[in-house]
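Start from the sequences, fold in the hints, and give me the full structure.
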Amino acid sequence: MKIVKIESKMGIHARPASQIIAFAQKQACEIFLIKEGRQYNAKSIMNLLSMGVRFGEEVGIVAEGPNSDIAIEEMARLLLSIE
Amino acid sequence: MMGFFKKKQEILHFPVACQKIDLNQVPDAVFSQRLLGDGVAIVPTGTLICAPCDAEVVQIFPTNHAIGLMTPLGLELLIHIGIDTVELKGEGFKRLATPGQHIKAGEPIVEVDLEYVKRMGKALETPIIITNMEKVQQIDAKDPSVLMTITLK
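Chains as they are written, first to last, in our numbering: chain E, 9 to 91; chain B, 769 to 921.
Hints may be right or wrong, so weigh each one.
[As the list claims (entries may be wrong)] Here's a subset of chain B near chain E, in silico, CB distances under 10 Å, partners left out:
| id | residue |
| --- | --- |
| 1 | Asp796 |
| 2 | Phe799 |
| 3 | Gln827 |
| 4 | His833 |
| 5 | Val854 |
[Claimed, not checked] From the derived model, a few chain B residues whose C-beta atoms are all more than 10 Å from chain E:
| id | residue |
| --- | --- |
| 6 | Ile779 |
| 7 | Ala785 |
| 8 | Leu791 |
| 9 | Thr813 |
| 10 | Arg863 |
| 11 | Lys872 |
| 12 | Tyr884 |
| 13 | Met888 |
| 14 | Gln905 |
[To be verified] With a straight-line cut-off of 27 Å between C-alpha atoms, the simulated DSS-like cross-links for lysine-lysine are:
| id | chain 1 | residue 1 | chain 2 | residue 2 |
| --- | --- | --- | --- | --- |
| 15 | B | Lys862 | E | Lys43 |
| 16 | E | Lys34 | B | Lys903 |
| 17 | E | Lys17 | B | Lys862 |
| 18 | B | Lys776 | E | Lys51 |
| 19 | B | Lys921 | B | Lys872 |
| 20 | E | Lys51 | B | Lys903 |
| 21 | B | Lys857 | E | Lys17 |
| 22 | E | Lys17 | B | Lys890 |
| 23 | B | Lys857 | E | Lys43 |
| 24 | B | Lys921 | E | Lys51 |
| 25 | B | Lys886 | B | Lys862 |
| 26 | B | Lys921 | E | Lys34 |
| 27 | B | Lys774 | B | Lys921 |
| 28 | B | Lys886 | E | Lys17 |
It should be emphasised that the hints constitute simulated quantities derived from the structure, not laboratory data.
These figures come from a predicted structure and were not determined experimentally.
Here a beta-carbon is modelled for each residue, glycine too, at the ideal position from N, C-alpha and C.
Below, the structure is given as structure tokens:
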């Protein structure tokens, strides 16, 4: 599992969530974000918004299926680029 | 036999005293371009944001400016109070319900200090959208007596 620390002051709110979901939904593989041991489907808007990720929190990324390694790297890059 | 043709519908009532507007009029592309889902928006004039229908409170965002609900027919609703209100870091918002709670239509979820939000320069447009659009056949927001009527597939 790849872990990233969220540096965005406002965490994962509606705007970045829409980018994350758009990316996740394009992937053939399944992608999940993990926070405090709970798994959230990155393709589900409500799931993602339910995570309530704040500044400084760590999020894990797991993926299963075609091109999962690339998907994880790209997801990590997206999470770290949130403003 | 009659029940066979009856469509499943969720009728959402106004969550607060407000003016109903089209999502196109919301000053944020995430909502006006329906990136997270489709629905309607309101400009609240009242301060108590209540459940538009019987629902389970899935999530209230840590800064209390956004609410996720699950309706009895399985629709996921997002109520995003104001635009860029996440930047207020919780100031001006008070949660009155708890995630996991099952509430009835009309029960309060969040209290918002409209004057504070306005003073801080944030827009009050409040999108109310369905985030699992794969379940939706049609959204009807023309009836002025309700917020919107959603017909499921």
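Status of each hint after checking the structure:
Because the beta carbon of Asp796(B) sits about 8 Å from the nearest beta carbon in chain E, less than 10 Å, this interface hint is met. Taken as an interface hint, Phe799(B) checks out: its beta carbon lies about 8 Å from the nearest beta carbon of chain E, inside 10 Å. Satisfaction of the interface hint for Gln827(B) is found here, the shortest Cβ-Cβ separation to chain E being roughly 4 Å, below the 10 Å cut-off. Look at His833(B): its Cβ gets to within about 9 Å of chain E, closer than 10 Å, so that hint holds up.
Restraint check, Val854(B) versus chain E: the minimum CB separation of about 4 Å is within 10 Å; hint holds. With a least CB separation of 20 Å from chain E, Ile779(B) remains clear of the 10 Å interface cut-off, as annotated. No Cβ of chain E approaches the Cβ of Ala785(B) within 10 Å, the least distance being about 24 Å, so the stated non-interface status holds. No Cβ of chain E comes within 10 Å of the Cβ of Leu791(B); the nearest lies about 13 Å off, and the non-interface call holds.
Look at Thr813(B): its CB is around 23 Å from the nearest CB on chain E, clear of 10 Å, so calling it non-interface holds up. Annotated as non-interface, Arg863(B) keeps its C-beta farther than 10 Å from every C-beta of chain E; the closest such distance is 12 Å. Annotated as non-interface, Lys872(B) keeps its C-beta farther than 10 Å from every C-beta of chain E; the closest such distance is 21 Å. No Cβ of chain E approaches the Cβ of Tyr884(B) within 10 Å, the least distance being about 18 Å, so the stated non-interface status holds.
Listed as a non-interface residue, Met888(B) keeps its Cβ farther than 10 Å from every Cβ of chain E; the least gap is roughly 14 Å. The Cβ of Gln905(B) sits about 19 Å from the closest Cβ of chain E, beyond the 10 Å cut-off, so the non-interface label holds. The straight-line distance between the Cα atoms of Lys862(B) and Lys43(E) is roughly 25 Å, inside the 27 Å bound, and the hint therefore holds. Between Lys34(E) and Lys903(B) the CA atoms are separated by roughly 19 Å; this keeps the pair inside 27 Å, and the hint holds.
Under the criterion of a C-alpha separation no larger than 27 Å, the hint pairing Lys17(E) with Lys862(B) is consistent with the structure, at around 21 Å. In summary, the hint linking Lys776(B) to Lys51(E) is supported, as the alpha carbons are separated by about 25 Å, within the 27 Å threshold. In summary, the hint linking Lys921(B) to Lys872(B) is supported, as the alpha carbons are separated by about 24 Å, within the 27 Å threshold. At roughly 15 Å between alpha-carbon atoms, Lys51(E) and Lys903(B) fall within 27 Å of each other, so this suggested pair holds.
A C-alpha spacing of about 10 Å is found between Lys857(B) and Lys17(E), which places the hinted pair at or below 27 Å, so the restraint holds. Of the pairs offered as hints, the one joining Lys17(E) and Lys890(B) holds, with about 18 Å between alpha carbons and a cut-off of 27 Å not exceeded. The straight-line distance between the Cα atoms of Lys857(B) and Lys43(E) is roughly 21 Å, inside the 27 Å bound, and the hint therefore holds. A distance of roughly 20 Å separates the Cα atoms of Lys921(B) and Lys51(E); the hinted pair therefore holds under the 27 Å criterion.
Between Lys886(B) and Lys862(B), the direct Cα distance comes to roughly 16 Å. Compliance with the 27 Å bound is thereby established for this hinted pair. A threshold of 27 Å between alpha carbons decides the hint, and for Lys921(B) with Lys34(E) the separation of about 23 Å falls inside it, so the pair holds. Between Lys774(B) and Lys921(B) the alpha-carbon distance is near 11 Å, which keeps this suggested pair within the 27 Å criterion. For the hint pairing Lys886(B) with Lys17(E), the CA-to-CA distance comes to about 22 Å; that is within 27 Å, so the pair holds.
Checked against the numbered hints given earlier, the structure satisfies every one of them.
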